[in-house]
Amino acid sequence: MSRHRPPPEELLPEALSPEKLSLEALSLEELSPEELSPEQLWQRAGLWRASSIDCNFTKGVPTGFKVLDEHLPGHGWPADGVTELLHEQYGIGELRLLTPALAHLSQEQNRWLLWVSPPYIPYPPALLNAGIDLTSVLIVKPKTTGDTLWVLEKALSSKSCSAVLAWPGNINAKQIRRLQVASKKGNSWSILFRPGSAAQHASPAELRIQLFAASSPHTSTSINLKILKRRGGWATGMINLHFSDKLNQVAPDFQAPVTDFCEQPLFKIDGRSNGLKLH
Amino acid sequence: MGSNSTEVVSKKGTGLWLCLYFKQLPVEIFSRGGPAAGTPVVVTTRQRILYSNQAAKDAGIRIGSSTDTAYTLSSEIVSFERNEEKEFSALSHLAQWAYQFTPGVSIKAPHSLVLDIKGCLKLFAGLENLKSQMREKLPELGYTANIGVYSTPLAALCFAEGLAEGSAEADSSKALQSLPITCLRADEKIIESLGQLGIRDIGGLLELPMDGLSRRYGVFFADYLQRLIGEKPDPQKFISEIPRFFSDITFLSDVTNIQSLMFPVKRLLSELCHFLLARQLCINQMTFKLSHRSHEPKSFSIYLANPENDEGMFLALTQLQLDKITDMPEVDNLCLIANTFYPADSVSGDLFHSMHLRGQAHNKTDPGHASRLLNMFRARLGPQTCFGLSLANDHRPEKAWKSVRLNQKNYWFPDNEKEANPRPLYLLNVPQELKTTDHLPYIGGQLELIRGPERIDFGWWDGNDSARDYYIGRHQCGALYWVFFEASSSNWYLHGIFS
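In the order they appear, the protein sequences are chains W and Z. The working numbering puts the first sequence at residues 482 to 760. The working numbering puts the second sequence at residues 33 to 531.
If you are wondering where the hints come from, they were derived from the structure by calculation, not from laboratory data. Note that this is a predicted model, so its numbers are computed, not measured. Glycine included, C-beta positions come from ideal geometry on N, C-alpha and C. Hints may be right or wrong, so weigh each one.
[Said to hold, decoys possible] Quick list of in silico lysine-lysine cross-link-like pairs, DSS-like style, CA-CA up to 27 Å:
#1 W:Lys727 x W:Lys710
#2 Z:Lys321 x Z:Lys356
#3 W:Lys622 x Z:Lys55
#4 Z:Lys150 x Z:Lys163
#5 W:Lys635 x W:Lys666
#6 Z:Lys163 x W:Lys624
#7 Z:Lys431 x W:Lys624
#8 Z:Lys356 x Z:Lys441
#9 W:Lys622 x Z:Lys431
#10 W:Lys635 x W:Lys710
#11 W:Lys640 x W:Lys666
#12 Z:Lys221 x Z:Lys163
#13 W:Lys727 x Z:Lys431
#14 Z:Lys269 x Z:Lys169
#15 W:Lys540 x W:Lys635
#16 W:Lys635 x Z:Lys298
#17 Z:Lys150 x Z:Lys118
#18 Z:Lys269 x Z:Lys298
#19 W:Lys666 x W:Lys624
#20 Z:Lys150 x Z:Lys206
#21 Z:Lys221 x W:Lys622
#22 Z:Lys441 x W:Lys640
#23 W:Lys707 x W:Lys727
#24 W:Lys624 x Z:Lys330
#25 W:Lys624 x Z:Lys356
#26 W:Lys547 x W:Lys665
#27 Z:Lys441 x W:Lys622
#28 Z:Lys356 x W:Lys635
#29 Z:Lys206 x Z:Lys221
#30 Z:Lys356 x Z:Lys434
#31 Z:Lys154 x Z:Lys206
[To be verified] Beta-carbon label-pair distances, calculated as ranges:
#32 W:His723 x Z:Gln464: 24 to 32 Å
#33 Z:Ser124 x W:Gln588: 50 to 58 Å
#34 Z:Glu518 x W:Ile720: 33 to 41 Å
#35 W:Gly627 x Z:Thr372: 28 to 36 Å
[What the hints assert, rightly or not] Not everything, but these chain Z residues come out facing chain W in the computed CB check (under 10 Å):
#36 Lys163
#37 Met166
#38 His401
#39 Leu405
#40 Met408
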């Protein structure tokens, strides 16, 4: 821009008028490519850069986390596609990551939030605290894998679910592909919780995120995540998200909990497992 | 004649009534599904023939002759004792049947129905059309009826009962006057006495002064005449409809492939849907029964989330149920029963329905969609596998929630503010006892208690005293657990996961 003749001061406020714009464009055309800055070149050639994911993605469901919104195409969870969340343990915040979006969906849309065979009871008081409308929550517990897949496909393509959360166990790429098609058809967001090992296999899911536990020094807890696959962008590095849950309130006296009245001898057993594992 | 008569009638009176007179009802209740056509059938009381069908008449059997005479005339004759109870129940069934034409159906024992058709003529495109529809449909049921139409119910009755079977129906007021007085529903003595006075038809009777008739034959007879000609109002007692659906199909040969039942099922369902539509009803439960002479009958029920009347959905749900049947090798009879009905919601469609929804197509969906999905799940997976979640009025964590059948009224919400203390998103069905190391709970790794304690006391009112101190524990791998220390047993338990 430095070489470009600057417009007179008094004309600046009108710089957006059509005549001015065309003049501007004309003067740009006249310049040789060597004279242009890279930004001007991109504008001129109509180039799209993979790093800018602000292209015409359908608007997603707001995640409730500003940092995450910036990294996702459409600035939110895909409203009509399969999202895979890969994690090893329960309890690292895999649901707390979703609750703002689920609350948004349950309040905005008059459709089901379907939970297909959740590993534990989604605890209603916690759901309510998260702002989720309980009357839109539907739990289905199919007994066999075949039934689970049937439920998922029917629910996604039925247009009557805003989001479908599933813990499908073993599911292959072909089946995920079918779910992706069903999601598009029914305009439903499908969330599959899968073990971390699934990251090694390719998947037709629209968005794949690997979740890691994170310890936070603040009163609120946090989670680390890596986007493995997204539309219009590369995989990202580790992203840290802070929840607004205030679960972490370490006070000095917690180091020695009130167990004085415990007369029985306490014994120590080495556990082989490391936490409650997924699958 | 038809249009002309309608004109006359509607000019004259305020109403329009149609009477169906089932002259042969006592015979037809036995002959319609019983012996083959052409068999002489007679109905008797105390060895005297009261009614007979055409075949019996052709054989020369007369009303009033004895059964012995009848047997002498024809050896094929089938004789039944008159069954008035059955006649009345058949008449009630016919009244239900007539409900499809008009909501105003009144039973006139012993053998007639009176229908208020004033309001439904437009729907059935005129009187003649209505009559021809009735004449077409009645033989399908195995009944025949005389039809009489007039502006008062009693006169319609006179027309129907007074006309010989097969003769043209006369409807105009002139025709009423020319009816013989024997058609009147009055005491036989009065009719006889009138006959002795030289009165042959109703026209002659109506010329007499009403006061005189009242004095001579009683107030009731005068009142009857006034209602007959429409000078006095004649309110009718209409039947109220008892909805109950039963329909079955018997196969001529055994059906061995369950899948090929879909076609008869479709027929039954379409019948059911028409039944429901005509009554503006919905159902949320129906039962199919498959039977075979050499097997135990098998039945299955279909439950719906909300009362509906949607043939396509019924069919899809039935298909799902039929797919599950494996232990029925052959079927020779299929029946469909529905007993519980709900009034249909009258939702008027939007003229610009599609345009209106386009903008917000995904925000507001047809509630039918949602319940259709639920119905499908219930049909395939069983009714217990789908449920919703609600809060419950209890402070004990494991009882602060309940699973509910998805019905708005089952949900409970607290009046006061939300729970202030954090609650985990996952709750274990039963608290899981934990091992401890150094007085701290241990789940394959030590837990660091990062928040707590939250004391929850309960059971003091019924002796099951328990005090729990709830903590949030962070596992070394980063997961957050909801654990509690129970004072009475001095044990740590895992109760939830902050997932």
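Hint check:
Only pairs whose Cα atoms come within 27 Å are accepted, and W:Lys727 paired with W:Lys710 is rejected, the gap being roughly 30 Å. At most 27 Å may separate the alpha-carbon atoms for a hinted pair to count; Z:Lys321 and Z:Lys356 meet this at roughly 14 Å. With a CA separation close to 61 Å, the supplied pair W:Lys622 and Z:Lys55 exceeds the 27 Å bound. Between Z:Lys150 and Z:Lys163, the direct Cα distance comes to roughly 13 Å. Compliance with the 27 Å bound is thereby established for this hinted pair.
Between W:Lys635 and W:Lys666 the alpha-carbon distance is near 11 Å, which keeps this suggested pair within the 27 Å criterion. Under the criterion of a C-alpha separation no larger than 27 Å, the hint pairing Z:Lys163 with W:Lys624 is inconsistent with the structure, at around 57 Å. With a C-alpha separation of about 25 Å, the suggested pair Z:Lys431 and W:Lys624 falls inside the 27 Å cut-off, and the hint holds. Pair hint Z:Lys356 plus Z:Lys441 does not hold up; C-alpha atoms about 32 Å apart against a cutoff of 27 Å.
Among the hinted pairs, W:Lys622 with Z:Lys431 is consistent with the structure: their alpha-carbon atoms are about 21 Å apart, no more than 27 Å. About 26 Å separates the Cα atoms of W:Lys635 and W:Lys710, which keeps this hinted pair within 27 Å; it holds. For the hint pairing W:Lys640 with W:Lys666, the CA-to-CA distance comes to about 8 Å; that is within 27 Å, so the pair holds. Straight-line distance between C-alpha atoms of Z:Lys221 and Z:Lys163 comes to about 35 Å, which puts the hinted pair past the 27 Å bound.
Annotation: proposed proximity of W:Lys727 to Z:Lys431 holds, straight-line Cα distance about 25 Å (limit 27 Å). Under the criterion of a C-alpha separation no larger than 27 Å, the hint pairing Z:Lys269 with Z:Lys169 is consistent with the structure, at around 25 Å. Straight-line distance between C-alpha atoms of W:Lys540 and W:Lys635 comes to about 24 Å, which keeps the hinted pair within the 27 Å bound. For the proposed pair W:Lys635 and Z:Lys298, the alpha carbon gap of about 23 Å is at most 27 Å, so the pair holds.
With a C-alpha separation of about 31 Å, the suggested pair Z:Lys150 and Z:Lys118 falls outside the 27 Å cut-off, and the hint is violated. For the suggested pair Z:Lys269 and Z:Lys298, the alpha carbons sit about 37 Å apart, so the restraint of at most 27 Å is broken. At most 27 Å may separate the alpha-carbon atoms for a hinted pair to count; W:Lys666 and W:Lys624 meet this at roughly 26 Å. Taking the CA atoms of Z:Lys150 and Z:Lys206, the gap is near 20 Å; set against the 27 Å cutoff, the hint holds.
This hinted pair does not check out: Z:Lys221 and W:Lys622 have alpha carbons roughly 78 Å apart, beyond 27 Å. The straight-line distance between the Cα atoms of Z:Lys441 and W:Lys640 is roughly 25 Å, inside the 27 Å bound, and the hint therefore holds. Under the criterion of a C-alpha separation no larger than 27 Å, the hint pairing W:Lys707 with W:Lys727 is consistent with the structure, at around 23 Å. At roughly 24 Å between alpha-carbon atoms, W:Lys624 and Z:Lys330 fall within 27 Å of each other, so this suggested pair holds.
A distance of roughly 15 Å separates the Cα atoms of W:Lys624 and Z:Lys356; the hinted pair therefore holds under the 27 Å criterion. Note on W:Lys547 and W:Lys665: the hinted pairing holds, with a Cα-Cα distance of about 25 Å set against a maximum of 27 Å. As the CA atoms of Z:Lys441 and W:Lys622 are separated by approximately 23 Å, the hinted pair is consistent with the 27 Å bound. Among the hinted pairs, Z:Lys356 with W:Lys635 is consistent with the structure: their alpha-carbon atoms are about 18 Å apart, no more than 27 Å.
Under the criterion of a C-alpha separation no larger than 27 Å, the hint pairing Z:Lys206 with Z:Lys221 is consistent with the structure, at around 26 Å. Using a Cα cut-off of 27 Å, the hinted pair Z:Lys356 and Z:Lys434 is violated, with the two alpha carbons roughly 30 Å apart. Note on Z:Lys154 and Z:Lys206: the hinted pairing holds, with a Cα-Cα distance of about 25 Å set against a maximum of 27 Å. Under the hint 24 to 32 Å, the C-beta atoms of W:His723 and Z:Gln464, about 30 Å apart, fit the expected range.
Separation of Z:Ser124 from W:Gln588 is about 53 Å and conforms to the stated range, judged on CB atoms against 50 to 58 Å. Judged by the Cβ atoms, the range 33 to 41 Å given for Z:Glu518 and W:Ile720 holds: they are separated by roughly 40 Å. The hinted window of 28 to 36 Å between W:Gly627 and Z:Thr372 holds, with their beta carbons roughly 33 Å apart. With its C-beta approaching chain W no nearer than about 48 Å, Z:Lys163 sits outside the 10 Å limit, and its interface hint is violated.
Evaluation of the Z:Met166 hint against chain W yields a violated restraint, the C-beta minimum of about 44 Å exceeding 10 Å. Nearest Cβ of chain W to the Cβ of Z:His401: about 4 Å, under the 10 Å cut. The hint holds. Nearest Cβ of chain W to the Cβ of Z:Leu405: about 5 Å, under the 10 Å cut. The hint holds. Of the supplied interface hints, the one on Z:Met408 holds, with its beta-carbon coming within about 6 Å of a beta-carbon of chain W, less than 10 Å.
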